[in-house]
Structures are given as C-alpha cells and as structure tokens.
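Chemist: Chains P and W, in that order, are what the protein sequence lines are.
Letter by letter, the first sequence follows residues 1 to 115 of the numbering used here.
Letter by letter, the second sequence follows residues 1 to 111 of the numbering used here.
What the hints contain is simulated information worked out from the structure, not anything from laboratory work.
Quick caveat: nothing in here was measured; it's all calculated off a predicted structure.
Do not rely on the hints blindly, as some may be mistaken.
[As the list claims (entries may be wrong)] 27 Å max Cα-Cα, derived BS3-like pairs, lysine-lysine:
{"hint": "1", "chain 1": "W", "residue 1": "K68", "chain 2": "W", "residue 2": "K103"}
{"hint": "2", "chain 1": "P", "residue 1": "K57", "chain 2": "W", "residue 2": "K3"}
{"hint": "3", "chain 1": "W", "residue 1": "K103", "chain 2": "W", "residue 2": "K17"}
{"hint": "4", "chain 1": "W", "residue 1": "K68", "chain 2": "W", "residue 2": "K56"}
{"hint": "5", "chain 1": "W", "residue 1": "K17", "chain 2": "W", "residue 2": "K3"}
{"hint": "6", "chain 1": "W", "residue 1": "K41", "chain 2": "P", "residue 2": "K13"}
{"hint": "7", "chain 1": "W", "residue 1": "K41", "chain 2": "P", "residue 2": "K57"}
{"hint": "8", "chain 1": "W", "residue 1": "K41", "chain 2": "W", "residue 2": "K103"}
{"hint": "9", "chain 1": "P", "residue 1": "K57", "chain 2": "P", "residue 2": "K13"}
{"hint": "10", "chain 1": "W", "residue 1": "K56", "chain 2": "W", "residue 2": "K3"}
{"hint": "11", "chain 1": "W", "residue 1": "K56", "chain 2": "P", "residue 2": "K57"}
{"hint": "12", "chain 1": "W", "residue 1": "K68", "chain 2": "W", "residue 2": "K3"}
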Amino acid sequence: KAGVTQTPRYLIKTRGQQVTLSCSPISGHRSVSWYQQTPGQGLQFLFEYFSETQRNKGNFPGRFSGRQFSNSRSEMNVSTLELGDSALYLCASSLRGGAWDTEAFFGQGTRLTVV
Amino acid sequence: ELKVEQNPLFLSMQEGKNYTIYCNYSTTSDRLYWYRQDPGKSLESLFVLLSNGAVKQEGRLMASLDTKARLSTLHITAAVHDLSATYFCAAANQAGTALIFGKGTTLSVSS
Chain P
1 KAGVTQTPRY
11 LIKTRGQQVT
21 LSCSPISGHR
31 SVSWYQQTPG
41 QGLQFLFEYF
51 SETQRNKGNF
61 PGRFSGRQFS
71 NSRSEMNVST
81 LELGDSALYL
91 CASSLRGGAW
101 DTEAFFGQGT
111 RLTVV
Chain W
1 ELKVEQNPLF
11 LSMQEGKNYT
21 IYCNYSTTSD
31 RLYWYRQDPG
41 KSLESLFVLL
51 SNGAVKQEGR
61 LMASLDTKAR
71 LSTLHITAAV
81 HDLSATYFCA
91 AANQAGTALI
101 FGKGTTLSVS
111 S
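Whenever a hint applies, use it, and build me the whole structure from the sequences.
Modeler: This is how it looks when you write it as structure tokens:
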C-alpha cells in the first residue's frame, strides 16, 4: 500500500514569506502529526490531528499552524518565515493515534530552506 | 514534561564488535520506539516496545525496555558497515498524541 506522501520535497523561500506543506497519510489512517528536524534542536513535535481536530501542539510560536481535512490529508503553514525555520519537516501517519496505536509511519519529509 | 536522553551521541564502531545505545526517559510512557535515519532520508521504524521486559530482535539489532528504570537499550551485535546511520529513540506521551525524541546516536562502522 502507498506510504505517507509529503509535498513538495524541497522548498526555498525568502524571509518574511509564508509556506504551506502537505501530507497525505496512509489510506485509512486518521491521525497525522508533524515534526521539525534541525541539526541543533533535533526532532521536535509540532502538532497532531485526528478527525480534523488538533489534539496536541508542541512548543512552537503561533506562526506555525496546521489543519486536517475530512479525507485526513493535512497541511501545515508557517507564516513570516525566519532563517531558523530552515529544517526538514516530517509528517507521521497512524491509524487512530492516541493510546490505541502502536505504530507511526513517517513520510520522506519536506526540506525547507529559508534565505 | 516527558524528556528523552540518548547516549552516546556518537559511536565509532569496529566491524565485528558489540555496542549498546542507551535511552532514558523522564516520566511514565506506554510506548518506546526506535527509528533509523540514513543521511537525507526519513525515519525508518525499527522497533516498538510496549511493556516492561519487552525484547525485540531484528538481525544484528536487539531492543529492550525496562519501564521501572525508564530505560531502553539498543544492542548491536557484530557491527557491519550497513548499520552506519543515526538511531533515534522516542517515547510516546501519556495521551499517545506525540512522540518525544532523543537527540539521536550517529553510528559509524569501520573495518
């Protein structure tokens, strides 16, 4: 079956711009979570969605936002980009999330470079 | 607040020798995950450990979980070059809605 699909794979943006990243989970999976990976901070949790509801949010400024659609696809948006937002953004998909799930599958990521 | 610490952060290994990566977490967690990441790639799931005393093995890798000590280990037996990568452990928060990752351990295997 198809895995987690993230688009685009690479992005170059200018400081001050905004960006939208997309994640299509594995078919049938309803939980999508987002992570930011940087060399300095490592892998950090951004937010998690289930059935179009945000259930958890990490410690990131309000410039980072997301949403989930009825087909479980998710988007995350970063406004007023800063150089420090340059990172690999990873999306993870799981069946239901929460206490019932035991596996989370990651997409290939979107590499965002802010110049 | 759940925190996860891995050590060592870097491990230079000789082929054929055994090594262990340690993963400590600060508060109760129901699930402990191990992932592998190759340079420029995403995370590949290796193991999910769900209960105290759980042990899982795949090839030269074996993971175990001690929930009382809040410690998981990833043991590498007879290292080979193909195992060179960065390995992450992650613990699930109580609600299961987030994975908290360690900093990762970068392994380099040389002959």
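Chemist: If a hint holds in the structure, say so; if it doesn't, say that too.
Modeler: Each hint, compared with the structure:
no. : hint              : result
1   : W/K68 with W/K103 : holds (22 Å)
2   : P/K57 with W/K3   : holds (16 Å)
3   : W/K103 with W/K17 : holds (24 Å)
4   : W/K68 with W/K56  : holds (18 Å)
5   : W/K17 with W/K3   : violated (30 Å)
6   : W/K41 with P/K13  : holds (21 Å)
7   : W/K41 with P/K57  : holds (25 Å)
8   : W/K41 with W/K103 : holds (16 Å)
9   : P/K57 with P/K13  : holds (24 Å)
10  : W/K56 with W/K3   : holds (23 Å)
11  : W/K56 with P/K57  : violated (31 Å)
12  : W/K68 with W/K3   : holds (16 Å)
Hint check: violations occur at hints 5, 11; the rest are consistent with the structure.
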